[in-house]
Amino acid sequence: MNKEVKSEGMLVVLSAPSGCGKDTVLAELDGRVENLRRSVSMTTRKMRDDETDGADYFFVGESDFESKINGGEMLEYTRYNGHYYGTLKKPVDELLKKGETVVLKIEVEGAGKIRSMYPDAVTIFLVPPSMQTLEKRLRKRMSEGERDIRNRMAIAVCEIKHADSYDYIVVNDQIDYAVSDICSIIRAERLKTKRSLNSICLYE
Numbered sequence: 001m002n003k004e005v006k007s008e009g010m011l012v013v014l015s016a017p018s019g020c021g022k023d024t025v026l027a028e029l030d031g032r033v034e035n036l037r038r039s040v041s042m043t044t045r046k047m048r049d050d051e052t053d054g055a056d057y058f059f060v061g062e063s064d065f066e067s068k069i070n071g072g073e074m075l076e077y078t079r080y081n082g083h084y085y086g087t088l089k090k091p092v093d094e095l096l097k098k099g100e101t102v103v104l105k106i107e108v109e110g111a112g113k114i115r116s117m118y119p120d121a122v123t124i125f126l127v128p129p130s131m132q133t134l135e136k137r138l139r140k141r142m143s144e145g146e147r148d149i150r151n152r153m154a155i156a157v158c159e160i161k162h163a164d165s166y167d168y169i170v171v172n173d174q175i176d177y178a179v180s181d182i183c184s185i186i187r188a189e190r191l192k193t194k195r196s197l198n199s200i201c202l203y204e
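For the record, in the sequence shown the residue sitting at position 96 is 96 according to the working numbering, with numbers rising by one throughout.
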């Protein structure tokens with residue numbers, strides 16, 4: 001008798017300071033890794049001109065976000081630069097039960113909470129080649145004022161100090177190389193014995 005046991009899904013956490021190119025990396029991953037599902041985070045910050053509600057983030061008001069917190073619907077959440085950011089729990093758990101690889105774009109504080117809840121999660125920290133490059137990228141997108149840029153740079157310094165708590169560090173100097181590195185990480189993690197053993201076909 002041929003018995004096939006479906007393996008459980010894999011949770012991948014991607015963190016990076018603002019301006020490091022998380023969204024660009026995620027967009028590139030969509031077409032290069034099979035069965036990869038991106039969890040869309042929720043935020044209370046204003047939507048930028050190049051963003052789409054429901055694709056880049058779910059943009060909500062503070063009262064809506066706080067009602068989700070009070071209702072126990074958030075997997076994790078944090079307050080960053082004056083705004084809430086977080087992930088709904090139900091959609092993530094449903095995808096994992098289906099055996100999907102789910103990518104979460106999460107700030108450093110939220111990533112720590114995820115690690116405690118999902119010990120098998122794969123954590124990746126994306127860093128800029130230099131702080132000077134990061135500042136240039138923030139200024140180039142022209143979506144924040146001088147005060148916001150300074151705040152984001154200060155936060156970035158604090159976040160990078162936590163990079164050693166992640167499984168992998170990827171430098172985003174050239175986007176193609178960074179995406180290739182993350183693809184390699186995901187494929188290698190899928191092949192680990194603890195994840196792939198249950199997918200072996202057994203013959204009785």
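One should not assume that every hint holds.
[Said to hold, decoys possible] EDC-like cross-link-like pairs, simulated, lysine to aspartate or glutamate; straight-line CA separation at most 20 Å:
no.	residue 1	residue 2
1	K136	D120
2	K97	D173
3	K140	D50
4	K46	E189
5	K89	D50
6	K194	D53
7	K140	E51
8	K97	E34
9	K98	D23
10	K46	D30
11	K140	D173
12	K98	D30
13	K68	D50
14	K161	E135
15	K113	D167
[What the hints assert, rightly or not] The following label-pair restraints were derived from C-beta to C-beta distances:
no.	residue 1	residue 2	range
16	E62	K192	38 to 48 Å
17	M131	I175	14 to 24 Å
18	R150	G99	42 to 52 Å
19	E146	P119	14 to 24 Å
20	V157	M47	35 to 45 Å
21	K192	G145	22 to 32 Å
22	V171	K140	30 to 40 Å
23	R187	M153	14 to 24 Å
None of these hints come from the bench; they were simulated from the model. Ideal Cβ placement from N, Cα and C applies to all residues, glycine included.
Check: What are the numbers of the hints the structure violates, in ascending order?
Finding: 1, 2, 4, 5, 6, 9, 10, 13, 19, 20, 21, 22, 23
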